[in-house]
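Engineer: Chain residues, written in single-letter form:
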Amino acid sequence: MPTETAFVATNWQSSGIKIDKKRLKQLCKRYDKPGLIYLAKWALALFVSGAVVWATLGTWLVWPAMIAYGTIMMVPGYCLSHETAHGTPFRSRWLNETVLWVTSFIYMEEPLHRRMHHTSHHTFTWHIDKDSQMPFDTPMDFKGWLIEISGISLLKYHIKELLELTVGHFSQHTREVSQVGDLPKMARGARIFMAIYLGIAIAIFMGQLWLLWFLVLPRFLGIPAMMLYGLIQHVELQENSPSILESTRSFKTNAFGRFLYANMNFHCEHHLFPQVPFYALPELNREIRDQLPEPDPGFFRTQFEVLSVVIRRSLKKNTKAKSIRQAPHMITEGGYQPIATKSM
Amino acid sequence: MSEWVHVGQTSDIDEEDLIRFDHEDGRTFAVYNTEKGFFATDGFCTHEAQHLEDGLVIGTVIECPLHQGRFDVTNGRALSAPACVDLKTYPVKLEGDEIYIEI
Numbered sequence: 001m002p003t004e005t006a007f008v009a010t011n012w013q014s015s016g017i018k019i020d021k022k023r024l025k026q027l028c029k030r031y032d033k034p035g036l037i038y039l040a041k042w043a044l045a046l047f048v049s050g051a052v053v054w055a056t057l058g059t060w061l062v063w064p065a066m067i068a069y070g071t072i073m074m075v076p077g078y079c080l081s082h083e084t085a086h087g088t089p090f091r092s093r094w095l096n097e098t099v100l101w102v103t104s105f106i107y108m109e110e111p112l113h114r115r116m117h118h119t120s121h122h123t124f125t126w127h128i129d130k131d132s133q134m135p136f137d138t139p140m141d142f143k144g145w146l147i148e149i150s151g152i153s154l155l156k157y158h159i160k161e162l163l164e165l166t167v168g169h170f171s172q173h174t175r176e177v178s179q180v181g182d183l184p185k186m187a188r189g190a191r192i193f194m195a196i197y198l199g200i201a202i203a204i205f206m207g208q209l210w211l212l213w214f215l216v217l218p219r220f221l222g223i224p225a226m227m228l229y230g231l232i233q234h235v236e237l238q239e240n241s242p243s244i245l246e247s248t249r250s251f252k253t254n255a256f257g258r259f260l261y262a263n264m265n266f267h268c269e270h271h272l273f274p275q276v277p278f279y280a281l282p283e284l285n286r287e288i289r290d291q292l293p294e295p296d297p298g299f300f301r302t303q304f305e306v307l308s309v310v311i312r313r314s315l316k317k318n319t320k321a322k323s324i325r326q327a328p329h330m331i332t333e334g335g336y337q338p339i340a341t342k343s344m
Numbered sequence: 345m346s347e348w349v350h351v352g353q354t355s356d357i358d359e360e361d362l363i364r365f366d367h368e369d370g371r372t373f374a375v376y377n378t379e380k381g382f383f384a385t386d387g388f389c390t391h392e393a394q395h396l397e398d399g400l401v402i403g404t405v406i407e408c409p410l411h412q413g414r415f416d417v418t419n420g421r422a423l424s425a426p427a428c429v430d431l432k433t434y435p436v437k438l439e440g441d442e443i444y445i446e447i
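Chains as they are written, first to last, in our numbering: chain U, 1 to 344; chain L, 345 to 447.
Treat the hints as calculated values from the structure; they're not laboratory data.
There may be inaccurate statements among the hints.
Derived lysine to aspartate or glutamate pairs resembling EDC-like cross-links, with alpha carbons at most 16 Å apart [as the list claims (entries may be wrong)]: (1) 22(U) to 369(L); (2) 29(U) to 283(U); (3) 25(U) to 361(L).
Bound-form chain L, shown alone:
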């Protein structure tokens, strides 16, 4: 059963950047502000489970800070080695300045 969870405000995330969101159930997510809008994915890189919160956002690509594996945050697709398993993505909606993700 999915639910919409409030993760913050649009002003919390700089352009071409992301924030970490830790849910109370233990799961962790990454929420992005990109040129194409806001997106959300799992928080950990699929390569070696490094959290993406310190990663670099380039356009709609998130680059893992540990080994520079890259993912398209709009669909989670792994773009370049060492990452080859896709990231799970989550729907995002805005209500005014408030950001929600469906998990």
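Next up, chain U with everything else stripped away, as it sits in the complex:
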């Protein structure tokens, strides 16, 4: 019989958050309707922005239109892949797993690999050598920021993992976060993905250019926005803390930002209670906000301050941000010591 866990998982309990258990279970309730409404809004936004791309083909305006379309494809796509990896946005399991496969295909990560690696990110949030989804070295400098935002690092990781899974080679991290029966399933999923990617490449080569304009190019043009959202989840915060309040950042944003990011601006709340679906996070926030740090300022202000800090760190200047939260050791003057090496 399994016994009490030997580790302390990073969640509400390790962070000292109190919530009425009956209320928590109400917030965890699963429905199909909110997730389906979100899917419909996403489809509509893709249709409208895709129509703008179509209308501007052949002019210079196609590029800003493509960036907008790509952002709308990639940010909600990434969020839905993340949410469905948790299994929370839909009550119907088949719906959850279908959306997981489609969005993980766009994100370019085999679905089971995504799910298993993400478990480690929640069990050991921002713990060096344990969290298998630490995407950059800490503290971050300007070079690290550029590499992160370009998506090059993530793309290399995704391609390497997909190729390795396809040939049945499993990295140390993958073996650590998975159970034996999962590995052949991951290999099969990766082979299916690779076959479809190859099919798309052949179709484009044979003249099906709409796949290039509406799938491949926007996938890459939307990556920087997706990376910017992901960046501020944990950057400048505390490694190796049992408390989510020290390792994770929530930030303020408007209704469009909440749609685009599927309420993941409530990121502390998500890490405290990963069993709560994205559509219930605003309600969860209202329930526990008096126990949380003040969320950082809006998306653009937070991004600007992070960029300012990483530039000053590279210039060996003072790295204290004006208003965003930072772990004490992130504030230095005249250089810094590396803390963590990225795990993906």
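With chain U's structure known, arrange chain L on it following the hints.
Structural biologist: This is chain L only, laid out in the frame that chain U set:
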């Protein structure tokens, strides 16, 4: 040698919910009230030994609160990753409003 142990009353468990039961010998269990009746399993998830007491019951499925691994509480079968090892289940009987599990 198994024994029937009293774990509580039916009114202690809301519909589509569960309670934790800690036996004096150190073992811990989860007892469920589902649409198909009362069931009992080991208390800890087989994935990373998180107690299921804060998990979500959906129909006859218990979802672990840590990583959302799912099990069918009627037979303990692991339904979805990250859980892949089945939960051990225990017989349940009701005597009036009193719930007993055989352990």
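Engineer: Mind checking the alpha carbons of residue 22(U) and residue 369(L) for me, to see if they're no more than 16 Å apart?
Structural biologist: Distance of about 28 Å is beyond 16 Å: violated.
Engineer: CA of residue 29(U) to CA of residue 283(U), is that 16 Å or under?
Structural biologist: Between residue 29(U) and residue 283(U) the Cα gap is close to 12 Å, so the pair holds against 16 Å.
Engineer: For residue 25(U) and residue 361(L), compute the direct alpha-carbon distance and say whether it is at most 16 Å.
Structural biologist: holds (9 Å)
Hint 1 from the list above is the single one not met by this structure.
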